[in-house]
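J.: Chain by chain, the residues:
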Amino acid sequence: MSRSIEISENQRKFLLESLKHGFRLTDRPFDHVRDISLYLSPTEYGYVEVSWGKTKLACRVTATVTTPYEDRPFEGIFTINSEISTMASMRFDTSRSNEEILIARIIEKAVRRSNSLDLESLCIIAGEKVWEITVDLNYLNYDGNFIDVGCFAVMLALHHFKKPDISINGNSIVVHDINERQPVPLSILHIPICLTYSFYNLTDKESNIKGEDADEICLLDADLLEELNRDGSLVITLNKNRELIQLSKNGGLPISAQQFLELTFKSMKTIDQLTDLIKTKIKEHEELRYKTENFKLLEASADR
Amino acid sequence: MDITEVISITKPQSSSQYNNIDESNDDSDIEMGESSAGGASAGIVTPGELITEDPIWMKGHGTYFLNDSTYSSVAGSVSRVNRLLSVIPLRGRYSPETGDHIVGRITEVANKRWKVDIGTRQDAVLMLGSVNLPGGILRRKSESDELQMRNFLKEGDLLNCEVQTIFSNGIASLHTRSLKYGKLRNGIFLKVPSSLIVKSKNHAYDLPGSVSVILGSNGYIWLHKTLANTSTTTTVNQNAAKIQGRDYAPGQGSISITRLEEESSWEIYSDQNDPNITSSTRSNISRYYNVIKALAYGELGITEQRVILGYEASLAYSNIGSLIDRESMEQICQEVLNSEKMRG
Amino acid sequence: MELYSPEGLRIDGRRWNELRRFECKINTHPHSADGSSYVEQGNTKIICMVRGPMEPAMKSQVNATSSTVEVNVSLANFSTFERKKRSKTDKRITELKTTLERTFNECIMGHLYPRTLISVTVQVLAQDGGLLAAMTNAVTLALIDAGIAMYDYVSGVNAGLYDQTSALLDLNTLEENDMCSLTIGVIGKSEKLALVVLEDKLPLDRLESVLAIAIAGSHRIRELMDMEVRKHGNMRLAKVSV
Numbered sequence: 001m002s003r004s005i006e007i008s009e010n011q012r013k014f015l016l017e018s019l020k021h022g023f024r025l026t027d028r029p030f031d032h033v034r035d036i037s038l039y040l041s042p043t044e045y046g047y048v049e050v051s052w053g054k055t056k057l058a059c060r061v062t063a064t065v066t067t068p069y070e071d072r073p074f075e076g077i078f079t080i081n082s083e084i085s086t087m088a089s090m091r092f093d094t095s096r097s098n099e100e101i102l103i104a105r106i107i108e109k110a111v112r113r114s115n116s117l118d119l120e121s122l123c124i125i126a127g128e129k130v131w132e133i134t135v136d137l138n139y140l141n142y143d144g145n146f147i148d149v150g151c152f153a154v155m156l157a158l159h160h161f162k163k164p165d166i167s168i169n170g171n172s173i174v175v176h177d178i179n180e181r182q183p184v185p186l187s188i189l190h191i192p193i194c195l196t197y198s199f200y201n202l203t204d205k206e207s208n209i210k211g212e213d214a215d216e217i218c219l220l221d222a223d224l225l226e227e228l229n230r231d232g233s234l235v236i237t238l239n240k241n242r243e244l245i246q247l248s249k250n251g252g253l254p255i256s257a258q259q260f261l262e263l264t265f266k267s268m269k270t271i272d273q274l275t276d277l278i279k280t281k282i283k284e285h286e287e288l289r290y291k292t293e294n295f296k297l298l299e300a301s302a303d304r
Numbered sequence: 001m002d003i004t005e006v007i008s009i010t011k012p013q014s015s016s017q018y019n020n021i022d023e024s025n026d027d028s029d030i031e032m033g034e035s036s037a038g039g040a041s042a043g044i045v046t047p048g049e050l051i052t053e054d055p056i057w058m059k060g061h062g063t064y065f066l067n068d069s070t071y072s073s074v075a076g077s078v079s080r081v082n083r084l085l086s087v088i089p090l091r092g093r094y095s096p097e098t099g100d101h102i103v104g105r106i107t108e109v110a111n112k113r114w115k116v117d118i119g120t121r122q123d124a125v126l127m128l129g130s131v132n133l134p135g136g137i138l139r140r141k142s143e144s145d146e147l148q149m150r151n152f153l154k155e156g157d158l159l160n161c162e163v164q165t166i167f168s169n170g171i172a173s174l175h176t177r178s179l180k181y182g183k184l185r186n187g188i189f190l191k192v193p194s195s196l197i198v199k200s201k202n203h204a205y206d207l208p209g210s211v212s213v214i215l216g217s218n219g220y221i222w223l224h225k226t227l228a229n230t231s232t233t234t235t236v237n238q239n240a241a242k243i244q245g246r247d248y249a250p251g252q253g254s255i256s257i258t259r260l261e262e263e264s265s266w267e268i269y270s271d272q273n274d275p276n277i278t279s280s281t282r283s284n285i286s287r288y289y290n291v292i293k294a295l296a297y298g299e300l301g302i303t304e305q306r307v308i309l310g311y312e313a314s315l316a317y318s319n320i321g322s323l324i325d326r327e328s329m330e331q332i333c334q335e336v337l338n339s340e341k342m343r344g
Numbered sequence: 001m002e003l004y005s006p007e008g009l010r011i012d013g014r015r016w017n018e019l020r021r022f023e024c025k026i027n028t029h030p031h032s033a034d035g036s037s038y039v040e041q042g043n044t045k046i047i048c049m050v051r052g053p054m055e056p057a058m059k060s061q062v063n064a065t066s067s068t069v070e071v072n073v074s075l076a077n078f079s080t081f082e083r084k085k086r087s088k089t090d091k092r093i094t095e096l097k098t099t100l101e102r103t104f105n106e107c108i109m110g111h112l113y114p115r116t117l118i119s120v121t122v123q124v125l126a127q128d129g130g131l132l133a134a135m136t137n138a139v140t141l142a143l144i145d146a147g148i149a150m151y152d153y154v155s156g157v158n159a160g161l162y163d164q165t166s167a168l169l170d171l172n173t174l175e176e177n178d179m180c181s182l183t184i185g186v187i188g189k190s191e192k193l194a195l196v197v198l199e200d201k202l203p204l205d206r207l208e209s210v211l212a213i214a215i216a217g218s219h220r221i222r223e224l225m226d227m228e229v230r231k232h233g234n235m236r237l238a239k240v241s242v
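Chains as they are written, first to last, in this note's numbering: chain A, 1 to 304; chain B, 1 to 344; chain C, 1 to 242.
One or more hints might be untrue.
Unchecked claim - In silico contact screen, one side only, chain A against chain B (beta carbon under 8 Å); selected entries:
{"#": "1", "residue": "R113"}
{"#": "2", "residue": "E206"}
{"#": "3", "residue": "S207"}
{"#": "4", "residue": "G211"}
Unchecked claim - From the derived model, a few chain A residues whose C-beta atoms are all more than 10 Å from chain B:
{"#": "5", "residue": "Q11"}
{"#": "6", "residue": "F30"}
{"#": "7", "residue": "A63"}
{"#": "8", "residue": "L140"}
{"#": "9", "residue": "P183"}
{"#": "10", "residue": "I209"}
{"#": "11", "residue": "E262"}
{"#": "12", "residue": "T270"}
{"#": "13", "residue": "E286"}
Unchecked claim - Footprint (simulated), chain C over chain B, 3 or more residues, beta carbon under 8 Å:
{"#": "14", "stretch": "116-122"}
{"#": "15", "stretch": "301-314"}
{"#": "16", "stretch": "327-333"}
Source of the hints: derived by calculation from the structure; they are not laboratory data. A virtual CB, placed ideally from N, CA and C, is assigned to each residue, including glycine.
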């Protein structure tokens, strides 16, 4: 059984008191995400490390050629493996706890089921050969909020990744080495971003259930202490096109529909910010590579 | 959003014989008027329903409050006694009370105590000091007793006992410090809803057909063969009989009271059933079992009188097994009620 | 096959704001459980049984201040159109289980039953859309039947958006497969949401209309459940006083 992190009553009360007075212990605004630092591998495609505050994880994308599922001969295969080891925290161990399964499921719903990656573009020879894209998430350090960071990292890695170029000779395929021919980026249809809101009830239970005023505190991107003390959580996944990919409020503190709607609308701003962050970072990285690896020389067309 | 926007099609409601179905609007306040002392009001309340907004009431079990409003937390009937407002749930687990005679099953042997399942929310405890130990009541508890607890009572054993106290956290503490309590043998166990057991002075009865029954207040029932030597015959009498019968030799058996407890104690923890239970006794026990099940099915309160009436009614069925048919059960309940009416 | 005709009729003949046939019974298993219920929402059929509050089976489940709620979900192999064997550790089942546990942990007055376990077993006999909603309703009824103190009903229903324009209430499987589905669990008569699950895409600007009809639908289901509880309760009271 995994060890649970014990929080003393003192710490808990201190946190709730500060929230009552309107500030978080790390003095971040309630609706701000932590500082994000990104690392994109300069040498290979598809490896990124993402840190939101102290929560850190590494994400790797790999591609292999394989046969497609029988009932879907035109589509490639896309899987996301998300396993949390004890390295991230003593809380997680080899047995898959409900928490881990929930995290994996939400990321899967956000990225895979929403068709963010165009599976038909992964098809090489229909019914026989397709690309199988595997995303592996390795959680390195746990300081709260694996879902948001995980989803962000997956999208960043997918953008970063390039699959080897392919040429088809009748029924056989030739996979070109990345040094031989320039690899091809993946076709990503939209960028889902997850945001987790944590709820705290600072009054008593009865006021929450029967009271008229919504007195619940709502924090975006909870760190470890905040996450362990929360009474409920809501994961909103949106993309820049104002489409809700998924919503997950798996129980927890009841909140009013009004507050709920407000949160979804408010999230758009952060979603835009984060989507732009991914895009700019990838673009920067591309330009850097272009320069350092002298892609200019590889270009077939010449300047006129 | 207006709820009338939703269309739902339901079965036609038969005109109810119970004129309590609340079809009034949402937050209707039940009229208080002059609050009378005692008595439950008609109709039931459901969880989340506003009972009253009068702050004068003390909030009892089954309610919760916010500011001045009192809401119900269970489905049940409202009870207004003096100034206490509470809701009695329609169903619930057995709640132990001091002095209840109950039947329980050992679930765990722990440090100087046994944990006993009596059908309550938390298992009851039976302290080592609350049982009769072999060797007489004046015997001191020794450490070897603690290590040998399994020799007295082990997991799975049934016993009848009495609730001695209830701790502040709701856990009952039991004791078997009387010859009528202790480990149960020679019989069969059955469970009925605890609300059907009528609390009375005595819970152990001898029934016709050399069968005895213990009706635990918690709904756990033990049917067994009536003891051949009932508690009326004691060692004193046995020895007295020997003296009179001229087989008595001086020094053979004594008449001291402590010896009396001692002798009976060795057998109290025996696991051996009586090998001589006749098949007629066994079939009587089965018959009583099915009769009690029938009474439970008909949701009649179970008393000694009703069990006997049911038994007599069941004699019409020569095949005991047929008593578990629904029609037979209903028939028996009907007969019991009729016999009761006839007797006045 | 058109899921929503221009005249406003769905494939089973319902209107956009019409609930499926809702049937419920409580106290269906008086001898095998402390509380039990049976719910039918259209063709989705669910049995729920509650045991407790009782002594926890494992020492690890003991919580000194409150009761522990344990939910076990079992989807019968024959519950879907095609027979499919499901493992107990299926991710989807775990998610449903965790959602129900967390929802009812908030609604049960756990502080009244410290150091006890409330064990809820949900058995799904037939699935035809609205699974989580029907399970929520079944669990609510079973808990009420067991006499466990709760703050209020939790009633659930799902709703979807057809063709980016029309909100539809109470989707069945065919509709769920084809459009986004929002399942909510509402507390009592209020607009407080205990659970919200949206799978598949929904335009953000349409959320409000779908949510609104879903809340209205939940309130109606709560009424229907309440009627059944009262009917049953009055019947029992009448019997007892006889």
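J.: If any of the earlier hints don't hold here, list their numbers in rising order.
T.: The structure conflicts with hints 1, 10, 15, 16, although it agrees with all the remaining ones.
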